[in-house]
Amino acid sequence: MAKTLFEKVWDRHVVSKVDGGQEIIYIDRHFIHEVTSPQAFDGIRNRGIGLFRKDRIVATADHNVPTKDQHLPIRDFLSKHQVDTLTKNCEDFGIDLYGLGHPYQGIVHVIGPELGITKPGMTIVCGDSHTSTHGAFGTIAFGIGTSQVEQVMATQCLLLQRPKTMRITIDGKLQDGVFSKDLILYIISKLGTAGGTGYFVEYAGSAIRSLSMEARMTICNMSIEMGARGGMIAPDETTFEYIKDRKYAPKGEEWTKAVEYWSSLYSDENATFDAEFEFDAADIEPMITYGTNPGMGIGVTQRVPTSAEVDSPDSLKKSLDYMGLDEGESLIGKPIDHVFIGSCTNSRIEDLRIVAEFVKGKKKAENVTAMIVPGSKQVEEQARKEGLHDVLSEAGFELREPGCSACLGMNDDKIPKGEYCVSTSNRNFEGRQGPGARTMLVSPLTAAVIAVEGKIVDARNYIGEEVPA
Amino acid sequence: MEKFGILESRVVPLKVKDIDTDQIIPARFLKATSREGFGENLFRDWRYDEEGNPKPDFILNSDRYSGSILVADENFGCGSSREHAAWALVDYGFKAVVSSYFADIFKGNALNNGLLPVQVSQEFLEIIFNQIKENPNQYLLIDLQNQVISISGKEISEEFDINPYKKMCMLNGYDDIDFLLSKKADIEAFEKEHIEF
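Top line first, the protein sequences correspond to chains A and B.
According to my numbering, the first sequence holds residues 1 to 469 in order.
According to my numbering, the second sequence holds residues 1 to 197 in order.
These aren't lab readings, by the way, just hints derived from the structure by calculation.
A quick note: this is a predicted structure, and the numbers were derived from the prediction, not measured.
Heads up, a few of these hints could be off.
Said to hold, decoys possible - If the Cβ cut is set under 10 Å, some of the chain A residues that face chain B in the computed set are: (1) G20; (2) Q22; (3) G121; (4) M122; (5) V149; (6) A154; (7) Q156; (8) A281; (9) A282; (10) N293; (11) T306; (12) M410.
We put the beta carbon where it would ideally sit given N, CA and C, even for glycine.
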């Protein structure tokens, strides 16, 4: 029978079916971090059981770590306690930890792929909703709650209801200056924040096939922002090329066998999906959000919608009040206070290269603070090797050490109340970047151009391309 | 986990759509390493000003409404997977959340903590909001065994869906781990056949 990519991977991980439609699903890799794991370790201790398969767990500290002076003890008492608790738990239970100071430390969804831990056909979970990032490799990867973290620790399995399947096909070519971040913000603006709820999404089409792995990760990363549990992309030569020779990639004969299997992971021609959507890549312009959820996005040259144009005028009004914007307003020319480049969505080496290439020889605007937080120590190191650090410093960007940082403002990296932050992260919820902070989500290039101009502009006008009429 | 049978309670209405888990419990309050105490910061930035004074116009600060049932507009619990959101609601004293739509991860987290997510039609949700507006002392009755939610003392009710396994867990106070631990032999047998590349 013809199967979707999702079904091929899911079916290989079914331990058994349970009454009531639930299935026991085996989990190949479990990533943990300091914020959503301590209560799960307590649960394991209270039950008097050990970890079922500790070798399938990988830990890092990312959500709550400072991005300055990581070699010094953490100053915030609660943060220090949480990070220390992770270290102790990993020691007690024998788990590999890439903690602060380790050359592989970084945001969990950046380090998994870069170490070659993430591989096609796997099931991967983590107590973090952006686990969907790993789906870019053709894995079933999704975020879980802490009770489920404990379940996986105890049994390496989860009890799950099989989700419905959706395929989103994007054909055509992206315009110059338009990136995968714009593509996913566009899709979310069309489907809404709940449009994918109950579904696992496969992204397909020529526009997806032409993207690098970093760009594919950005797309899968934000699947949760339309409510989908996860997103995935069938592996291809681009995927294999990315994985090859990474630390935990299969080697020699194992590699040949792996590629042979991975090459079978695609949706069969006659496979059916519960829902399908199609978009044309050429229709997409650089995107920016104006509201307080990731579905409230527009092309940068478009106007903020009016009450008459939306389904819920009350929600629009509440969002615009929070953002200090007016209905029907154009965002072009609006001054910006902060630019944040980082997060599991856009902090990989390719993102830093895009930013550095644009700002080379330029200076950030005086009214803007610009912060750039690499996704991992390896990204940081690579950026140094390529000289990107110097380019960015000379342009007036503040370069930090790896962590989730101002994406969620758990550490000191917060945006002050009422100020505007153009951000490459994934969520523009009220208070996400700090109480009262006003977040606008964009691509790394758009963020870089806005940092230099000090106001919202159409990035296409700054890269030597004319805007199509 | 506590058993859930029949719940009859007054209601706290929160008529806002797309309430994300960053609103339920902001990230800066996720630094604790235990499950307790998150109720203090439930809806923190809607509930308190910067100095920590209660904002009088927020529903949890109003004397008019109280109870262990929260009623919220559609797409409740979207965003982050933080189970702290469910812990905060439970810690505050809520035993059920009623909405016309729940985000997947939140729904699972709620069920794993004895907090019942009751999904009703948008029409029924509007009826509840209107009834509570007319009479803040109105009770709601949630009968899990029969999967019915009703406006107490009135012949207005609606059936709701719940996964049969999850219903059994809620009624008996069981959690998934007990069940999965009982399947260890199956899991070990699966591992013997499972090839990973």
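To see whether the hints hold, each was checked on the structure:
1. Because the closest C-beta pair between A/G20 and chain B is about 4 Å apart, less than 10 Å, the hint holds.
2. With 10 Å as the threshold, the beta carbon of A/Q22 comes within range of chain B, its nearest partner Cβ sitting at about 5 Å, so the hint holds.
3. The beta carbon of A/G121 is positioned within 10 Å of a beta carbon in chain B (closest approach about 7 Å), and the interface hint is therefore held.
4. For A/M122, the interface hint holds, the least distance from its beta-carbon to any beta-carbon of chain B being 7 Å, beneath 10 Å.
5. Among the interface hints, the one on A/V149 holds; its C-beta lies about 8 Å from the nearest C-beta in chain B, closer than the 10 Å criterion.
6. The beta carbon of A/A154 comes within 5 Å of a beta carbon in chain B, closer than 10 Å, and the hint placing it at the interface holds.
7. The interface hint given for A/Q156 holds, since its Cβ lies 7 Å from the closest Cβ of chain B, which is under the 10 Å cut-off.
8. Violation of the interface hint for A/A281 is found here, the shortest Cβ-Cβ separation to chain B being roughly 27 Å, above the 10 Å cut-off.
9. For A/A282, the shortest C-beta to C-beta distance to chain B is roughly 30 Å, which exceeds 10 Å, and the interface hint is violated.
10. At about 5 Å, the closest approach between the beta carbon of A/N293 and any beta carbon in chain B falls short of 10 Å, and the interface hint on this residue holds.
11. Below 10 Å, beta-carbon pairs count as interface contacts, and A/T306 has none with chain B, the closest being about 18 Å; its hint is therefore violated.
12. Given hint, A/M410 at the interface with chain B, holds; its Cβ is 5 Å from that chain's nearest Cβ, closer than 10 Å.
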